[in-house]
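Q: For chain A, the structure is supplied; the task is to place chain B on it using the hints.
What follows is the residue order along each chain.
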Amino acid sequence: MGFDELEVLLVEDNETDAELTIRALKRKNLANNLVWVKDGEEALEFIFATGRYSEREMHDLPKLVLLDLRMPKVDGMEVLRKIKADERTNKIPIVVLTSSKEDEDIVESYNLGVNSYVSKPVEFDEFTQAVSTLGLYWMLLNKSPE
Amino acid sequence: MRILSASHEHRHEKYRITALIASFCLVLFLACNSNLSHINSNLGFSFYGSLFLVSFWWKNKSWLAPAIIIGIIVFIMLISFGFGSLLSEDYFKLLMIVLVVIVVAFLFERIERVRILNEMNEKLTKRTEKLEDANKELEAFAYSVSHDLRVPLRAIDGFSRIVMEDYEDKLDDEGKRLLNIIRENTHKMGQLIDDILLLSRASRQEMKFAKIDMEELVKRVFDEQKMSSQTQDVRLELKSLPPAYGDRALLQQVLNNLIANSFKFTEPKDERIIEVGAENGKNEVIYYVKDNGVGFDMKYKKKLFGLFQRLHSTNEFEGTGVGLSIVQRVIRRHGGNVWGEGELNEGATFYFSIPVGK
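Heads up: the protein sequence lines correspond to chains A and B, in order. Using the working numbering, count along the first sequence one by one with no gaps and you end on 146. Using the working numbering, count along the second sequence one by one with no gaps and you end on 358.
What the hints contain is simulated information worked out from the structure, not anything from laboratory work. Where a beta carbon is used, it is the ideal one built from N, C-alpha and C, also for glycine.
Here are some of the chain B residues that sit facing chain A, going by a computed Cβ distance under 10 Å:
1. His147
2. Arg154
3. Ala155
4. Gly158
5. Ile193
6. Leu197
If we strip away everything but chain A, and leave its shape as in the complex, we get (with noise of 0.2 Å):
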């Protein structure tokens, strides 16, 4: 797939919920131009188009970022302190989709100016219903600057 239509960068270490999130973002045809990446390290160095992804163009950037909070290597939330500290990738619209309830966690992210919060539900109808519906408002009804 080529990057030109890039709409969704997933970023998540756990295998299985990534499948269980790109299989309902599916459902509603919000999976077309999904990225995947599986650490924060590689999510960085794609959004910056650096390491392994320096032949990417750094215009090209996702209309959504789901983020993952703990992850090997660089986890979820310095990867969303250095996209929303840089100019050019500031207003790409992030949510953080995580196991963690914590407040700190919340609280933390919020700080760092993340745009959304979902606590991923343990069961799969509500895991489905939560991502296909943060997908449709995020994609679809919210704008975002250009």
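A: Just chain B now, kept in the frame of chain A:
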């Protein structure tokens, strides 16, 4: 001097001991000065003695040591006045030396006590630090549990569903039933994890004490429950409630659990009434949540607050049996008590006491 450390309570001790030593030196000087008559020495000694007396009473609020001092004073005075003419300078000096020994013994005993107190204080501080460390470890553990256990659980639930969806035509009714059992159990496990987390948070979370408007809290909890259970036919009878002194979030959890229970166990009834009121006790306020639900047999009242203890099967009423355990832990942390009374098919009343604020 290390034994006279600068800690707040020991500052007074330091002044006291200094004053005592100073006045004692004065007495000694008066006593050993052969130019002065016995009467002056006695005066000096009486002055010293009364200082001692007052300081003992002030510190210990007890009359034992002062009584001993008075006895010694009287004894000395009797000897001096009664046998003054017979008693030579040397005998008097001997008596004073005896007195010196007694007084020094007292003083050293005091000093030793202060030193021991300091030592105990240090040990306590070290132990508190260790406890705080252990607590932090537990918090990290609980977080890990909640986070890491949920991930495979989600996978089990999700992929069972995927099998059911993608292979619908290849599965018979039995196959679907078996897969549904898998999903129901993951749901239960998720519930258990959440409950264990709630319980651990109730025990660990730092309490912020404030004056809480209990009437407003009850109304809010009741309205939330009513909305989430989507029923209209539960009625709240709220009596006047005095404000409570405690942690708002934790007390909200307590009311939440008790009122949720009332909602749950009044469901089979046509007319559902929840009554919340309070009585003033000695140094405490006793609140109660009363419902006209299915109640319980009083012979099980000891089991009410046990962890994961239930008096009904999951088929009759859902739940994991952690709600009342949480209530008990929170109220205990507030220094109060919790107990329940019930009658089968008539209803149940749960009482909790909260000490009056400082």
